[in-house]
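As you go down the protein sequences, you meet chains U and R in turn. Position 80, counted from 1, in the first sequence is what my numbering calls 80; the numbers after and before it change by one each time, with no gaps. Position 123, counted from 1, in the second sequence is what my numbering calls 430; the numbers after and before it change by one each time, with no gaps.
Incorrect hints may have been included.
[To be verified] For each label pair, taking beta carbons as the anchor points, the in silico distance ranges come out as:
(1) U/Asp59 with R/Thr475: 57 to 63 Å
(2) R/Lys568 with U/Asp285: 45 to 51 Å
(3) U/Asp59 with R/Leu340: 54 to 60 Å
(4) R/Lys568 with U/Glu181: 47 to 53 Å
(5) R/Gly540 with U/Glu181: 56 to 62 Å
(6) U/Tyr84 with R/Gln563: 33 to 39 Å
[Stated by the list, open to error] Only pairs whose alpha carbons sit at most 30 Å apart, straight line, appear in this in silico DSS-like list of lysine-lysine:
(7) R/Lys559 with U/Lys14
(8) U/Lys128 with R/Lys559
(9) U/Lys208 with R/Lys309
(10) R/Lys354 with U/Lys102
(11) U/Lys126 with U/Lys102
(12) U/Lys128 with U/Lys112
(13) R/Lys421 with U/Lys102
(14) R/Lys325 with U/Lys111
(15) U/Lys110 with R/Lys558
(16) U/Lys65 with R/Lys558
(17) R/Lys325 with U/Lys112
(18) R/Lys309 with U/Lys69
(19) U/Lys244 with U/Lys208
(20) U/Lys244 with U/Lys284
(21) U/Lys253 with U/Lys222
(22) U/Lys126 with R/Lys421
[What the hints assert, rightly or not] Partial list, derived from the structure: chain R residues whose beta carbon lies under 8 Å from chain U:
(23) His319
(24) Arg522
(25) Leu561
(26) Asp562
These are calculated hints, taken from the structure and not from any lab test. For each residue, glycine too, the CB sits at the ideal point set by N, CA and C.
In case you want the letters, here they are:
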Amino acid sequence: MNSIEVTHLTKQFKNVVAVNDISFQIKQGEIVGFLGPNGAGKTTTMHMLLGIITPTSGDIHILGKDFAKHRGEILSQMNFSSAYIQFMSQLTIWENLFVFAKLYHVQNPKKKIAELLDMMEISDMKNKLFSKLSSGQKTRVVLAKTLLNDPRILLLDEPTASLDPDIADKVRTILRHIHKERGMTILYTSHNMAEIEELCERVIFLHKGTIIHQGTPQELMKIIPHYAIEIVLENHSNAMETFKKSFNEKNIKELSPGHFVITTEHTQLTSALHVIMASGLTIKDIDIHKPDLEDVFIKFSREEKQS
Amino acid sequence: MKLHRIWAVILHYLYTQKRSIPRTMDIFYWPTLNILLWGFLSMFLQKTQQGSTSSIIAIILGALMLWMLFNRAQQDISIHFLEDVWNRNLLNLFVSPLTATEYIFSFIILSVFKVVIVGGVMTGLSLLLYHFNIFSIGIALVPFILNLLFFGWTIGLLIMTLIMRWGTDAQILAFSFAFLLQPFSAVFYPVAVLPKTLQLISYAFPSTYVFEGMRSVIATGEFSQGLMIQAFGANILYVGLAVIVFQHVFKKVLDQGLLTKLE
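Chain U extracted, bound-state conformation (with noise of 0.2 Å):
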């Protein structure tokens, strides 16, 4: 079964086009990750998923329901976070959830927060006013605050952006156990490609406010079939003229004496190794590439610059 089906989505502010007549599903329980590069529309699509921005033009119905007729049932089982939101700085992280906890009828208020405040690991401060805490501690408050209700649909906007690599560690372990523990189906969108990587099952990346690709994130890759071998030679001298033997000119890069990048399609790799290895040289350091999905934004956003 479909969580969020969007079909024929448009968006115009005046004369821009934001989103742009896009048709996307997410099944129950899925983790769908949104990319795609600053003004890409992927926030404007949250947002009209959220029903803080009307569309233009589509439809979207969420958990079987059509958005437009019924808000107030579909947001009662979906909830946001974004890491540009916060909450009234001079209420304690308690008194912040509580209110939300009446806002979304939540049935025994008190022992859901205590539950979640210990998951988040800052039950020793939520007497703490929300303006004293840190953005890592901010960031686990609003967490908190989107499983209040136990959301069937998660909708997170660049939820560990400004966070240090521990605490944005600590917040991806955090929803790789409640997307295990409950299921839900989680929209997140997010600049770290390695985090879309991680957590992610499939990609949607958009650009202009169009889909150009979607897929799992091994497909992705796969769009790049090259491997990039970086070698750091011992005694370089006529280092070049060797790999030209082998290589194709335009694939061998020297970034500085004795430092080449040598890149071959996937199926090559073995071969171009064994050319490497019988060459002679003598090799003080060498490191294989894989395109990751950066590679794969990289190469998107190039493109679609260029056309």
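Following the hints, position chain R against chain U.
Quick look at chain R alone, frame taken from chain U:
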């Protein structure tokens, strides 16, 4: 409308209120200061003009108290909304099932709480210091207060609408708009003292009929039903207009994605 959602919004302001000295001062400080200032001025005027002007204290303090209630009602809508904008909490609220009607209705309930407290403070002080009891106006006080509250909420809603549409550049209106209405509402003097053109403007506001009516009750003991009917009529018109304008602008705000840009 769901009561639990209205209560949630009320609760978040009550929590803010209990910890905020400026907000508490807002309830006690200004009413007290105004009662002291205008009360002593009234006593002075009364002493200098003894005889036929025995109701000066009642006219000035009565007008001041009713004006403060109107001002409170207007600010309770627009400033509570601004607090959510300043705290970047608005999105949290509007991505929940909360509706705009529930949100505004919770402000109105909060406003009633505050009006009761502010009214209580002012009534107590004026009784204590000047032996003036606002309740001496009698049952007429009910339509006077109701009209001013409705007009205050209407103006508050219009200011909130302007802030939603034009952002926090319009926030100054939340603090100053009531003062713009004050000279035209004939709060402390009869409409007759205004130039003819201003009198026409003056009669466009429900508040004018209330203050004229109040002076009539204090001076002659007569309650003018005609004035109150006009006040209620003007209020119905303004409430209707404010609701239509709000609905239209809110639709535009969602259409242009302005809710996400307010800060």
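Hint check:
no.: 1; hint: U/Asp59 with R/Thr475: 57 to 63 Å; result: 34 Å, violated
no.: 2; hint: R/Lys568 with U/Asp285: 45 to 51 Å; result: 50 Å, holds
no.: 3; hint: U/Asp59 with R/Leu340: 54 to 60 Å; result: 57 Å, holds
no.: 4; hint: R/Lys568 with U/Glu181: 47 to 53 Å; result: 36 Å, violated
no.: 5; hint: R/Gly540 with U/Glu181: 56 to 62 Å; result: 60 Å, holds
no.: 6; hint: U/Tyr84 with R/Gln563: 33 to 39 Å; result: 18 Å, violated
no.: 7; hint: R/Lys559 with U/Lys14; result: 12 Å, holds
no.: 8; hint: U/Lys128 with R/Lys559; result: 38 Å, violated
no.: 9; hint: U/Lys208 with R/Lys309; result: 40 Å, violated
no.: 10; hint: R/Lys354 with U/Lys102; result: 56 Å, violated
no.: 11; hint: U/Lys126 with U/Lys102; result: 17 Å, holds
no.: 12; hint: U/Lys128 with U/Lys112; result: 18 Å, holds
no.: 13; hint: R/Lys421 with U/Lys102; result: 22 Å, holds
no.: 14; hint: R/Lys325 with U/Lys111; result: 24 Å, holds
no.: 15; hint: U/Lys110 with R/Lys558; result: 36 Å, violated
no.: 16; hint: U/Lys65 with R/Lys558; result: 22 Å, holds
no.: 17; hint: R/Lys325 with U/Lys112; result: 25 Å, holds
no.: 18; hint: R/Lys309 with U/Lys69; result: 17 Å, holds
no.: 19; hint: U/Lys244 with U/Lys208; result: 40 Å, violated
no.: 20; hint: U/Lys244 with U/Lys284; result: 20 Å, holds
no.: 21; hint: U/Lys253 with U/Lys222; result: 22 Å, holds
no.: 22; hint: U/Lys126 with R/Lys421; result: 29 Å, holds
no.: 23; hint: His319; result: 4 Å, holds
no.: 24; hint: Arg522; result: 42 Å, violated
no.: 25; hint: Leu561; result: 5 Å, holds
no.: 26; hint: Asp562; result: 5 Å, holds
The structure fails hints 1, 4, 6, 8, 9, 10, 15, 19 and 24 (numbered hints given earlier, in ascending order).
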